[in-house]
Amino acid sequence: MSAFLYGIIVQWKLDLRNKGILLTYYIVPIVFFLFMSGIFTSVDPIAYKTLISSMTVFGVTMGSIIGSPTPLVEFFIRPIKKAYIVGKIPLWTIIVNNFISSFIHLFIMALIIFFLAPIAFDAVIPSNIFVYFINLFIFISTCLSVGTVLGLFVKNTSKLTMISQFIFLPSIMLSGIMFPSDMLPKFLKSIGRLFPATWGYENMYSSKFDIYTLLPLIIISFVCILIILQKLKNLKSD
Numbered sequence: 001m002s003a004f005l006y007g008i009i010v011q012w013k014l015d016l017r018n019k020g021i022l023l024t025y026y027i028v029p030i031v032f033f034l035f036m037s038g039i040f041t042s043v044d045p046i047a048y049k050t051l052i053s054s055m056t057v058f059g060v061t062m063g064s065i066i067g068s069p070t071p072l073v074e075f076f077i078r079p080i081k082k083a084y085i086v087g088k089i090p091l092w093t094i095i096v097n098n099f100i101s102s103f104i105h106l107f108i109m110a111l112i113i114f115f116l117a118p119i120a121f122d123a124v125i126p127s128n129i130f131v132y133f134i135n136l137f138i139f140i141s142t143c144l145s146v147g148t149v150l151g152l153f154v155k156n157t158s159k160l161t162m163i164s165q166f167i168f169l170p171s172i173m174l175s176g177i178m179f180p181s182d183m184l185p186k187f188l189k190s191i192g193r194l195f196p197a198t199w200g201y202e203n204m205y206s207s208k209f210d211i212y213t214l215l216p217l218i219i220i221s222f223v224c225i226l227i228i229l230q231k232l233k234n235l236k237s238d
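Residue 12 in the numbering used here sits at position 12 of the sequence shown, and the numbers go up by one each step.
These are computed hints drawn from the structure, not numbers from a lab. One should not assume that every hint holds.
Said to hold, decoys possible - Simulated restraints, written as ranges between beta carbons of each label pair:
hint	residue 1	residue 2	range
1	K208	S158	40 to 46 Å
2	K88	K186	31 to 37 Å
3	P185	R17	42 to 48 Å
4	I108	F35	16 to 22 Å
5	L91	I119	42 to 48 Å
6	I39	K233	19 to 25 Å
7	L235	D182	42 to 48 Å
8	K155	N128	42 to 48 Å
What the hints assert, rightly or not - Straight-line alpha carbon distances no greater than 20 Å define the calculated PhoX-like cross-link-like pairs of lysine-lysine that follow:
hint	residue 1	residue 2
9	K19	K233
10	K233	K155
11	K155	K231
12	K88	K208
13	K231	K159
14	K49	K208
15	K88	K233
Built from N, CA and C at the ideal position, the CB exists for glycine as well.
Put together the whole structure using the sequences plus the hints.
Printed below as a string of structure tokens:
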């Protein structure tokens, strides 16, 4: 157990030293929050009501889809993977370590937005904080599950950048955080519902649990877990 915890701490520190990951976990989301929040609240008088949720969705989606797969791709394309197998160290440990480390980073980033938005932009704090953080927990977990799948299947960082952007950009543009999703054509609105960001935004903006909006996130997580488990079996047999 102590070795497992040590692995998580090491991975967390390695992430802090990785400039690319640091950008996607903290710098870009917070800079985007500080810059766009002023614009949103100036253009839309009621934007302050959804500011915390929308900016958190942006940051979590970026960190999960663009940032979290990178350490996995770098690990599985290096000879160190064979060292793990020879040393009989389960490959799932590197996946779990990366997942937990990424979760901690993204949760810290979300907390920064949560506490800073009301001070800097008079953003409204969610009426039910308990529900908000449970929904945030589920949303981060779902997004990281998708990021883990990317990290296991993409073979190099160049391809990862392209594929991650292909998922990230539609997630943000069609989720409703930039402009109301009701303004979109029906087919684009339907496409947006394939991404966790859409459901995460609806959940965190709500003051109560809604099985209709939680179920898609649970399904996405469950499918990703099955894919990850199958991939792990294939990696052991390689």
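Hint by hint, here is what the structure shows:
1. At roughly 44 Å, the beta-carbon separation of K208 and S158 lies within the given 40 to 46 Å, and the hint holds.
2. K88 and K186 have their C-beta atoms about 53 Å apart, which leaves the hinted 31 to 37 Å range violated.
3. A hinted range of 42 to 48 Å for the beta carbons of P185 and R17 is consistent with their spacing of about 44 Å.
4. Separation of I108 from F35 is about 20 Å and conforms to the stated range, judged on CB atoms against 16 to 22 Å.
5. At about 44 Å, the CB distance of L91 to I119 agrees with the hint of 42 to 48 Å.
6. Remark: the range hint 19 to 25 Å for I39 to K233 is contradicted by a beta-carbon distance near 48 Å.
7. A C-beta distance of roughly 44 Å is found between L235 and D182, which places it inside the suggested range of 42 to 48 Å.
8. Here the CB-CB span from K155 to N128 is close to 43 Å, well matched to the stated 42 to 48 Å.
9. With a CA separation close to 32 Å, the supplied pair K19 and K233 exceeds the 20 Å bound.
10. Among the hinted pairs, K233 with K155 is consistent with the structure: their alpha-carbon atoms are about 17 Å apart, no more than 20 Å.
11. Of the supplied pair hints, the one linking K155 and K231 holds, its CA atoms being roughly 13 Å apart against a limit of 20 Å.
12. The straight-line distance between the Cα atoms of K88 and K208 is roughly 45 Å, outside the 20 Å bound, and the hint therefore fails.
13. Pair hint K231 plus K159 holds up; C-alpha atoms about 19 Å apart against a cutoff of 20 Å.
14. Among the hinted pairs, K49 with K208 is consistent with the structure: their alpha-carbon atoms are about 16 Å apart, no more than 20 Å.
15. For the suggested pair K88 and K233, the alpha carbons sit about 14 Å apart, so the restraint of at most 20 Å is met.
The earlier numbered hints that this structure contradicts are 2, 6, 9, 12.
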